[in-house]
Amino acid sequence: MVDRLVVIGASHAGCRLAFAAREEGFEGEVVLIGAETAPPYQRPPLSKGYLKGSVPLAALRLKSDAAFAEARITLRLGTTVTAIDRAAKEVVLAGGERLAYSKLALTTGARVRRLSVPGADLDGVLHMRDLADADALAAAAKAGRRAVVVGGGFIGLEAAASLRGLGLDVAVIEAEPRLSARVFPPRLSEWLRDLHEAHGVTVRLGAQVVEIVGRDGRVAGVRLADGTKVSCDLVVVGIGVIPADDLARDAGLAVDRGVLVDASGLTADPDVAAAGDCARHPNPWAPRPGAPIVLESVQNAADQARVAAAALFGRPTVHDAVPWFWSDQYDAKIQMAGLPDPDDEILLRGDPASGRFSLLHLRDGRLAAVDSVGWPQDHMAARRLLATRPVVDRARVETHTGPLADLCSPG
Amino acid sequence: MTDVTFILHDGTRRIVDVADGISVMQAAVMENIKGIDGECGGCLSCATCHVYVESLEAGELPAKDPDEDALLEGVAAELRPESRLACQIVMSPALVGLVVRVPERQV
Ligand SMILES: Cc1cc2nc3c(=O)[nH]c(=O)nc-3n(C[C@H](O)[C@H](O)[C@H](O)COP(=O)(O)OP(=O)(O)OC[C@H]3O[C@@H](n4cnc5c(N)ncnc54)[C@H](O)[C@@H]3O)c2cc1C
Ligand code: FES
Numbered sequence: 001m002v003d004r005l006v007v008i009g010a011s012h013a014g015c016r017l018a019f020a021a022r023e024e025g026f027e028g029e030v031v032l033i034g035a036e037t038a039p040p041y042q043r044p045p046l047s048k049g050y051l052k053g054s055v056p057l058a059a060l061r062l063k064s065d066a067a068f069a070e071a072r073i074t075l076r077l078g079t080t081v082t083a084i085d086r087a088a089k090e091v092v093l094a095g096g097e098r099l100a101y102s103k104l105a106l107t108t109g110a111r112v113r114r115l116s117v118p119g120a121d122l123d124g125v126l127h128m129r130d131l132a133d134a135d136a137l138a139a140a141a142k143a144g145r146r147a148v149v150v151g152g153g154f155i156g157l158e159a160a161a162s163l164r165g166l167g168l169d170v171a172v173i174e175a176e177p178r179l180s181a182r183v184f185p186p187r188l189s190e191w192l193r194d195l196h197e198a199h200g201v202t203v204r205l206g207a208q209v210v211e212i213v214g215r216d217g218r219v220a221g222v223r224l225a226d227g228t229k230v231s232c233d234l235v236v237v238g239i240g241v242i243p244a245d246d247l248a249r250d251a252g253l254a255v256d257r258g259v260l261v262d263a264s265g266l267t268a269d270p271d272v273a274a275a276g277d278c279a280r281h282p283n284p285w286a287p288r289p290g291a292p293i294v295l296e297s298v299q300n301a302a303d304q305a306r307v308a309a310a311a312l313f314g315r316p317t318v319h320d321a322v323p324w325f326w327s328d329q330y331d332a333k334i335q336m337a338g339l340p341d342p343d344d345e346i347l348l349r350g351d352p353a354s355g356r357f358s359l360l361h362l363r364d365g366r367l368a369a370v371d372s373v374g375w376p377q378d379h380m381a382a383r384r385l386l387a388t389r390p391v392v393d394r395a396r397v398e399t400h401t402g403p404l405a406d407l408c409s410p411g
Numbered sequence: 001m002t003d004v005t006f007i008l009h010d011g012t013r014r015i016v017d018v019a020d021g022i023s024v025m026q027a028a029v030m031e032n033i034k035g036i037d038g039e040c041g042g043c044l045s046c047a048t049c050h051v052y053v054e055s056l057e058a059g060e061l062p063a064k065d066p067d068e069d070a071l072l073e074g075v076a077a078e079l080r081p082e083s084r085l086a087c088q089i090v091m092s093p094a095l096v097g098l099v100v101r102v103p104e105r106q107v
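First to last, the sequence lines map onto chains Z and E.
Here the first sequence is numbered in the working numbering, starting from 1 and rising by one per residue.
Here the second sequence is numbered in the working numbering, starting from 1 and rising by one per residue.
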């Protein structure tokens, strides 16, 4: 029987998992398969420094060729897995080649959700997921003057900020009544709108795109449900992602908008793990810990990949690291620790007008998440403090400007 | 290209030849230097690229962004005067002879 770990998807989760297998002492073969042709790279800068042109491609690489060689990880780029045959313990590659595995990891990430309106496939309708998308957007931004960004989540807002930085006129169209409503309390949504408007972006809330209008096969504008037409040369669609769980589903593994795994990262098949954006997992930080979640973040991809590698090789542990995330828009540094719930009670610390403030999320009276803007100290402190689920000294939240820890006690 | 010496937590030394314009974090992550995670990819958001600079004086290194100081306040290992975030040290020939020590932990 072969002694081979096959990892499908060569990005944040896949790379981390492959290297972690070595750290777990696995001596067999490791084959890391990726559909993209570029060597594994960092995704977050794509909508930030890379799009703006301030971060070069060379600075995006995740691991060097020498590091892969030293860890004896065989990289097969430009290679798509089309099926998993669990009975034979083989993966099938595009072209028909079969590759046997003893252990298998799914780190297939997510793909972008597309608009389903007339005109959605016109030239100049772009997305933001991989390097090819970022290059296409950068090229379109050079040629274009006016951009419409559909979706006011992180990716859309980062793209809007970067395109503004490149000198384009930008309009953001968001269907919800406020920006980033899924992850942020209203106070932060309002602050974000002010930020973007101050940078000259037009923000339209509660607006539904019903058609992308073309001229000669190219984008010329978008039409909104209220009849307004917004002219533009390019459209960036940032309306979320869909976990890439079809390989798992077709292989008879349980999926539910993501590959279902347990706290250790394993599927119901103990030789198959999943991690990163494709994995729906139990998470003690979730507002409702009973319901498994998908987390789209580098932190989750890396931490879950480590846990999954350990479980595959006989050392099951629990994926319970404090979730954290960041977003850079213009000069604003927005950082989140913990996971938000719409029902959280929100306490404001600092002054939003100063560009330095934090929103403390209280759940059952205890600190459950912290969103900070321009206050990296609070973010770093929160990542540590959250683990103890402290109570917060409400009376001093508004006035105390010193360390966040001063406001927290075990209760 | 300029050599950077990493002193790992167990005392092992590793020398990596780094291209100009690439940060010490990037080089460490790419070469799989144990103990430098660099999870935010140099976006100055994670502080998992903490190192102690052993060889050069602060004045010889690239200047610190205020956000770097803010993040350093929260590092997991001991904060020392020679603490830096490796993603903010971008290599150039001026940094010849750079030696950095990897702290015992990043998170
Ligand atoms: C523009 C952008 C900005 C972001 N900014 C941030 C940020 O600031 N902070 C943060 O924490 N997170 C950010 N994220 C999210 C973060 O990048 C993801 O959470 C992370 O990339 C997830 O890693 P992953 O390895 O699970 O999946 P992915 O990175 O999606 O990688 C999956 C890989 O698998 C490959 N693949 C899929 N199916 C197959 C197959 N059948 N055969 C072979 N290969 C396959 C894909 O081609 C892809 O390369 C951002 C994401 C994007 C797109
Ligand atoms: S890599 Fe994240 S702060 Fe340096």
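Take the hints with a grain of salt, since some may be wrong.
[As the list claims (entries may be wrong)] Derived DEER-like restraints, expressed as beta-carbon distance ranges:
hint, chain 1, residue 1, chain 2, residue 2, range
1, E, 93, Z, 346, 44 to 52 Å
2, E, 104, Z, 78, 34 to 42 Å
3, E, 92, Z, 94, 27 to 35 Å
4, Z, 71, E, 62, 26 to 34 Å
5, E, 55, Z, 346, 40 to 48 Å
6, Z, 217, E, 62, 29 to 37 Å
7, E, 79, Z, 177, 39 to 47 Å
8, Z, 398, E, 76, 25 to 33 Å
Treat the hints as calculated values from the structure; they're not laboratory data.
For every residue, glycine included, the Cβ atom is placed at its ideal position computed from N, Cα and C.
Results for each hint:
no. : hint                     : in the structure
1   : E:93 - Z:346: 44 to 52 Å : holds, 50 Å
2   : E:104 - Z:78: 34 to 42 Å : holds, 40 Å
3   : E:92 - Z:94: 27 to 35 Å  : violated, 43 Å
4   : Z:71 - E:62: 26 to 34 Å  : holds, 30 Å
5   : E:55 - Z:346: 40 to 48 Å : holds, 47 Å
6   : Z:217 - E:62: 29 to 37 Å : violated, 48 Å
7   : E:79 - Z:177: 39 to 47 Å : holds, 43 Å
8   : Z:398 - E:76: 25 to 33 Å : holds, 30 Å
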